[in-house]
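Q: Each chain, written out:
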Amino acid sequence: MAVMRTTPQPAPQSNVPTSRLVTAIAMLLPVLTLALIFEYWPAVRSLYLMFFDWNLVSQDPEFVGFQNFRTIVNDSRFITSIRNTVAYAAILAPLQIVLPLGMALVLRPLATSRLSLAYRTLLFLPMVISLPVAAVIWLWMLNPVNGVVNGTIEALGGIGVNWLNEPRPAMASVIVVADWSSIGFNILLYLTALEGIPHDVRDAARLDGASEWALFRGIEWPLISPTFFFIVLTTVLFVNNEIFGVINILTHGGPYSSTSNVLYYLYERGFRFFQAGEASALAITLVGFFLIVTWIQFRVGERKVHYGS
Amino acid sequence: MAAEGEVTFSPATGHASRTGTAERQSTIPWSRLGLYALAIGMVVLMTFPLLWMVSTAFKGPTEIFTSTPQLIPSAPTFENFQVAFTTKPVGDWILNSTITATLTTLLRLSIAVPAAYVFARLLLPVTRLLLIVVIGTMIIPGVVTLVPNYLLVVRLGWINTWLGVIVPMAASSAFFIFLLRQHIMQIPTDLYDAAELDGAGMVRTLWDIVIPLIRPGLVAVAALSFLWGWNAYLWPLLVLPGPESQTLAVGLGTYASDPEGAQLWGPLMAVALISSLPPLLLFLVAQKHLATALTSGSKG
Amino acid sequence: MTTNGSEHADDLVQRNPVGRHRFSRCTALRAMAGGAVSGSLAFGAIPTIARQSSFTEIEIALLQVFSGPDHPAMRMIEAFNAQGAGVQVTGTSYGANYEEVMQRAQANISAQIGPTIVVTGWKYALFADAALNIVDLREVGGEAAVSIPILYYNRDLFTQAGLDPEVAPANWEEVAEFAATLTAGSEIDGAVVGEVNEWTAQSFIQNNGGRVLNDEGKAAFDSDAAVSGMAVWDALRTDGHFLTMANDQMRPAFLAGNVPMYFTSVASLAAISSGAGFELGTAEFPATGEMAKSMPSGGNFLGVYTQDAGQQEAAWAFLDFASSTEGATIWNETGYLVATTDEIPPLPGQEPAYVQMEAGLTNETIWPGERGLEALSVFNDWMSRIVNGDVSVEDGMNDGNAAVAALLP
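Chains as they are written, first to last, in numbering that gives the first Met the number 0: chain A, 0 to 308; chain B, 0 to 299; chain C, 0 to 408.
No lab work stands behind these hints: they were computed from the structure. Predicted model, so just to flag it, every value in this text is computed and none were measured. Among the hints, erroneous ones may be present.
[Claimed, not checked] Quick list of the computed label-pair ranges, beta carbon to beta carbon:
(1) A/Phe-288 <-> B/Pro-75: 50 to 56 Å
(2) A/Leu-290 <-> B/Thr-65: 49 to 55 Å
(3) C/Ala-358 <-> B/Ile-98: 50 to 56 Å
(4) C/Glu-332 <-> A/Ala-117: 44 to 50 Å
(5) A/Leu-206 <-> B/Leu-34: 19 to 25 Å
(6) A/Trp-40 <-> C/Ala-358: 52 to 58 Å
[What the hints assert, rightly or not] Selected chain A positions facing chain B (in silico; Cβ < 10 Å):
(7) Ser-45
(8) Met-102
(9) Thr-293
For each residue, glycine too, the CB sits at the ideal point set by N, CA and C.
Just chain A, with the same shape it has in the complex (with noise of 0.2 Å):
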């Protein structure tokens, strides 16, 4: 596998041709006309229904102002969703884009081994299973009465957690279930991205007297630092929408609203309880939000990676 190592941005162009630029703007149309359709058009309708109170079917939504602000900012719901989406993102984010790192280091050597192949699969696995049917899996794993976690953990002489049905412990399945669906892909992200590393580049240093701790700051760090980017960027922007999809089918929000997170909370009003208005307006914040962290990250980003050889 040839890795092509040569200086990846393109010269900027000066002179393009018409014909050029027409082309080029022909193979951009679909995927705007897509995206503008399908993603920005909602996120302007919702710009649009945040000062309405609207359920959906009525003719005529009431104009509301900001009320549909000072609803949500009041509920105290929302206060817990907004510090749960605070808490799974602190505690998801390391553990998607650091853990995967340390287990990939530390079980480099066995990744080159023959047994490559079924270890990468297994390690994939996860990804394949659908939410429903993992929830099913995790909702029998963690049964305080008769699942193997507890089973485990009284074996072992401790005491059985009711995991789903308290809040701490509900977080915690939470973030262990949408870990375990997905932290296996970053694995072998790592896994691949350290590979590339040519073995004289290390040899070389080791044979310099270099330990495994200076080798790493000194070359596997800055060599894989795009790949570490790509997985922050990808992960702060997934996290939410994990986490969600994990809330949905294990706890519903519960026990009694503790684990919802934003998105959740989002969902609720929109689909429980037909508020329109009140879920435009918190899209649009979101929306709002997450413009201004990815674009702190890409400055960030820009400047501490290292790119080409």
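For this one, chain A is given, so just place chains B and C on it according to the hints.
A: Below, chains B and C alone, put in the same frame as chain A:
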């Protein structure tokens, strides 16, 4: 530098070592064992839920709800599969999932590849802006677009049709465009220059040169896109009212969460097992390309 | 046309808003069905001739669980279509639960492709009425699926513990006694599980003489009766008999034989008996002390949501069939109780539910106002917090009452 595997003698350290295996030789055997133990532990944790899924799929109804969990069924049976296939339109579900996942992937590829190419090759202020527009779609959470898209699809008359499922799903291609772009940016510029000298336009270059070179990336994108399409839940749930027109993921989901229906775990796991096979097979086929493509794609 | 004895939902509710009907729900529904039948008979002659020359198609929006090929609902539809009355009924799944069904129905109605009949949970009746704004022409359907909480128990475990498997506890004190005997020999601490939601909470509250919402539709569960009603449930937990766990985990615990007693809807009878590897017993929901019970009913009804006259007639033709003996017999197989005719024998295990129904049922709480659904969810949360010990009974009921009141009109 010595070739990999060749033995050299280093006067400085007084050791003879085989190049490229330096770190392996300095590893003490028992830490290797520890490594294996850790690896096995990880594998067990990751796959245990799946083992349980497989085992339940083959258990008769009285064996499933036992007061102590049993992993190996004492009387394995195929009856769950039978029950599942006769009480639910599983065959239809499989067909629907295959069609939607494949068509979505094809559509995604056909819009993502040209876009990635333009974003990789033509970096003008205009295209830069459009790139941001495209990446921006990743920022909008899926939940936000659900209801407006549903209303739109209803008005278009696409409810309960393939179009209604596929087209909106294909709109979320930003991730793949991002990935493919990184790939394409790694193609050495001399190849482009050579093509231009030959008088090839953008389309020709894309078709003849770029696509063959990024084949690993294409395979990766195809496999991932298929997986996402296969397991997609919220959107097909809205667009395809059940039960015969549903996809496997949705059918499974509603099967698993029937409020007053049976918790028929045996047949449910049987269907779940079947549902995991196609993406798994696809991964096996694509795995060589998948990991390496995704990583070199995320380099630079 | 369709102005026979059937009532608008809000009429029905205003006469007996929430709480005990002066006559039982059963009678009320029978009256409606009777009215429907007689109404259509009266008008039957003329429209039939017209109908034979045109084929009216109507769509029924069903719960996902009703729309499997073998489900009694679908078979009932097939039987009706086979009669060739000039109406073709299609049953379509609109979602896995009542919310999804309502939401999709609303979206489709706003896009002009709405269904004719929609299966509507009773708790959503007022909301559906308000949301769809079709006050005049929305009728309450003649066929209602009525469900009630009952107690399921494991006869084998009773026998093992030395209890008579035919005798079930009649009130919560007896439940505690039975539980003590049952747990004596087992490793598991408690003996009872039961769904923690607004419905079972309403049972505890009403069985003690309290109300969730009063006749004016205001939150009223901070009354002493309501508080001590819930205190009974709380005591079950603190005494170690009631096991708290996620609702989804309770049924597997019961079916696996780990927990001998489980209370939930009678509509799950078919599901539970097919999954239980032991002798299943059913009994009435335990009473609170010596007080007479006042159980809430649940379930759904088929609401006619169309404005089109032809469609309405077709819809009523179907509903008549559904409430006839033939239709109801098929429907009965689900476990839902039949309210419209007496001629159908109960399924084995259903008897306690019928006993409760004869004794008089109340509505499950129908939550009024625009934020009614949210109020329902908030109430659910508070009840859950009480039962799980997150908050004391007094605080939970008082604060919960305030929170719910803030959301109601």
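Q: Tell me if the beta carbons of A/Leu-290 and B/Thr-65 are separated by a distance inside 49 to 55 Å.
A: Hint holds: Cβ distance 52 Å, inside 49 to 55 Å.
Q: For A/Phe-288 and B/Pro-75, compare the CB-CB distance with the range 50 to 56 Å and indicate the outcome.
A: holds, 51 Å
Q: Is the interface hint satisfied for A/Ser-45? The criterion is a beta-carbon contact with chain B at less than 10 Å.
A: Cβ of A/Ser-45 sits 6 Å from chain B, so the hint holds.
Q: Does 19 to 25 Å hold as the CB distance between A/Leu-206 and B/Leu-34, or does it fail?
A: Given about 23 Å between the Cβ atoms, the range holds.
Q: With 50 to 56 Å as the target window, see if C/Ala-358 and B/Ile-98 comply at their CB atoms.
A: holds, 54 Å
Q: Next item in the hint list is A/Met-102. Is there a CB on chain B closer than 10 Å to its CB?
A: A/Met-102 check passes; min Cβ-Cβ to chain B is 7 Å, inside 10 Å.
Q: In this structure, is the beta-carbon distance linking C/Glu-332 and A/Ala-117 contained in 44 to 50 Å?
A: For C/Glu-332 and A/Ala-117 the Cβ distance comes to about 49 Å; the hint holds.
Q: Against the range 52 to 58 Å, how does the distance between the Cβ atoms of A/Trp-40 and C/Ala-358 compare: consistent or not?
A: holds, 56 Å
Q: Is the interface hint for A/Thr-293 satisfied, with its Cβ closer than 10 Å to some Cβ of chain B?
A: holds, 6 Å
When the structure is compared with the earlier hints, no violation turns up for any of them.
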